[in-house]
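Trainee: Order-wise, the sequence lines are chains A and B.
Residues are numbered in my numbering as their position in the first sequence, beginning at 1, plus a constant of 967.
Residues are numbered in my numbering as their position in the second sequence, beginning at 1, plus a constant of 966.
Don't read these hints as lab results, they were simulated from the structure.
Just so it is clear, CB atoms sit at the ideal spot from N, CA and C, and this is done for glycine as well.
There could be a bad hint or two in this list.
[Stated by the list, open to error] Chain B is faced by these chain A residues, among others (derived, beta-carbon under 8 Å):
1. 1035
2. 1233
3. 1250
4. 1254
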Amino acid sequence: MAVTPGPGSGQAVAVLPVPRRRLPDVRLGRESRTGMLFVLPWIIGFVLFYAIPMIASLLLSLSDFDPRRPDEMAFIGLRNYEQMLRDPVLVGSLWATVRFALLVVPTTLAFALGAALLVNSKLLAGRNVFRTLFYMPIQIPIVASTVVWIGVLNASNGWLNLALGSVGIRGPDWISSTTWVHPALLLMGLWGIGNMMLIFLAGLQSVPTELYDAAKVDGAGPVASFRHVTLPMLSPVLFYNLIIALIATFQYFTQAYVISNGRGDPGGETLFFNLNLYREGFAFFHMGYASALAWLLFAIVLGLTIVLFRTAGSWVYEGGGR
Amino acid sequence: MNGKQFGRLDRTTIRLIALLSTIVLIVSACQAAASPSPSASAPPSTAPVSPSASAGEAVEIEWYVGLGTGENEEQIPQEEAVVAAFNAANPNIKLKLTVVDNDFASDTLATRLGANDPPDIIGPICIRALQSCGGQLLDLAPLIQSSGVDLSEIDPALIDAYKVDGKQIGIPMAVYPSFIYYNKALFDEADLEYPPHEVGAQYDGKAWTWDTVRDLALKLTVDSGGNDATSSDFDSSKIDQWGLDAQFTAEDTRAWSTVFGGSGSVVAADGTTAQWPDNWRTGLQYWYDGVWKDHMIPTRSEAEAIGGGEDRNTFQSGRIAMDVVHQWYTCCIYPSTGEAAVKAWDIAVLPEGPDGKVTSKLHADTIGILNSTKNPEAAFEALSFLAQSPELIQTWSAMPAIESQRDAFFAGIAPWTASKSPAVEVDWAVSTKMLAYPDNPSHEAFMPNFDEADAANKSFGTKLWTTSGLNLEQEIDKQVETLQALFDEGS
């Protein structure tokens, strides 16, 4: 029983309530809680459709899982990762992907930026019509548009070769030639630059006009204005589009699958990384190896993104200094 | 409700949602493991398990089509009608039809097996598809025995073709010999005799060999200026009509080698060594020269230009004079809609090959039950109905494996073939004659590391079909090396 001594007792043993150590308040603010509720569906979706499959694929990458014989699955440690080191098909697919990326990424960025400049120009009549026209192909499912493009690029009666033939040029066998299949896929890709163009357009419209006025006062022409005002101001958008394009190229699949029946023909030129991954998993049923390839793809894309972010400081304008 | 109360309630709500989410995640993660895997189901050779549906509830049986014939758009309405007829006659079973494009059917099935979502019945299934999923099929022997199905009328060799590891995984249902479909109008236009209908018969005083076929095909290959391929004025860049094709081979070099070279195998007798037999080299060279030197066979881009894109149904275009295809192609000579381009056609026997023999590349189909089915008896009931359906036999152009049913089958085809061109009267005796010359071993037979070796042979076919000026001998040697590496990897 606690006794509280009376005043002046001389034995003042004060038993005072000790203030409890205050724990940091981890409770979310009301606004944050409401926000959390709103993002919860996304979090659940992410966990269900991304996090769990990713963990599953990591585990599968350590196994020899064959979907036809799930009961015979065995854990084989890092053997799938070792196999990558001596897999010539993987090397070929990586090389095809890198070459394709070197062709497609800069070309697509250039064309998308060009189209954005065009539809942003005050000199262009019916700008909104052109913006719609450039954007429209995005609405068409990729498989459908690829099938149409296969017809357009047919060596015998495709529109492109008929057009070339009308000016005396014999067009190549776009889809079946190891030389021309990448340019053929590039053409298909350029048809769908609407999204990237739209992002560039938004970037262009956010460049302060005073900068152009100042440049004009300093005697800058259109080229100098573009080089010294537009490009630096657009560099964050360019950086964003570059990263998106690079990731998309490493994940390139549908068009390559459709034009080659999933085999990567001609001569393995369309056996891009993702198609090789799919083939290993769903055509040859090496699901364990395919899972390991998926993690390699993740590492490659992550590595490239990190490198790009590291270099971004030297060329991306961040408002107030580089 | 003050702010504090709201905060507490809100926190509780968050906790509840988090708890529910966790339960959902755990349940969804465990669901696959909780369900029996295909291999964990009752052993196929033992007595079938009872249907899982409770009394009075219709058992759903899924029939998966696409691994063989049956996925062409012209065939699907008839399949749907047969399913409807079965469902009307069997209220306790609900048969559900799933049709998948042939190019993706094997992949899709494997994915579904891996996802523990397999169909019950698969088929028609060809010999090639059996190499990939034959191990997953139910042994029908106990069901055949208990139901009293009579197999005595079927050629025992055909029955054995569907025995895998001692299991009877299918009842032979249909056979499809190959032969030459020819467009009579193009022969008439060129004032040429029709090709022979009898094995051993001559053509224009010459033995019916692939050399004779070449001479004939060159005369039937015509450019837009009306010059045939024997003329010095012939322009190979403006071909309007081709003399020969072997369509729907899926760019499979084993198939082309067999058509033009006779029976053979890329696997030597020891079962592990890769090879390309001499008669296959000769046959493939004939085909390659036919495409790139003689121009009497369309290139892939030409086949796509006249054959409806990726379908490559070249004969239907009316611009192919002779086409080596199987019995099942009867389904697709006429387009599903619109006017038929081929009005008058017939079939002829295949010529003697470089091995000195006549070889008719043979396809065969069956319907099987996956050993993962929860309702084998209901599935077998549906299978028996489908296997005996004359409408399906008709729409699949499937020559019955039971010999005594063949006359009725051909009699049934006649009105259908005449439906779009009344003048057509096909000599179906050619088809039964060709059945005596099957390729043995089959061009779809087993190879070590089958899926990868098969894909490699198809990629090789794509290369040959799309690239001119290759040294074929060197290419074949390289292909043998590729196959050997794949065989070694598989073993």
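Trainee: Would you mind marking each hint as holding or not holding in the structure?
Mentor: Verification of the hints:
1. 1035: It holds, given that the least Cβ distance between residue 1035/A and chain B is near 5 Å, below 8 Å.
2. 1233: OK, holds: residue 1233/A within 8 Å of chain B, min 6 Å.
3. 1250: Nearest chain B Cβ about 6 Å off; hint holds.
4. 1254: holds, 7 Å
Consistency note: the structure conflicts with none of the earlier hints.
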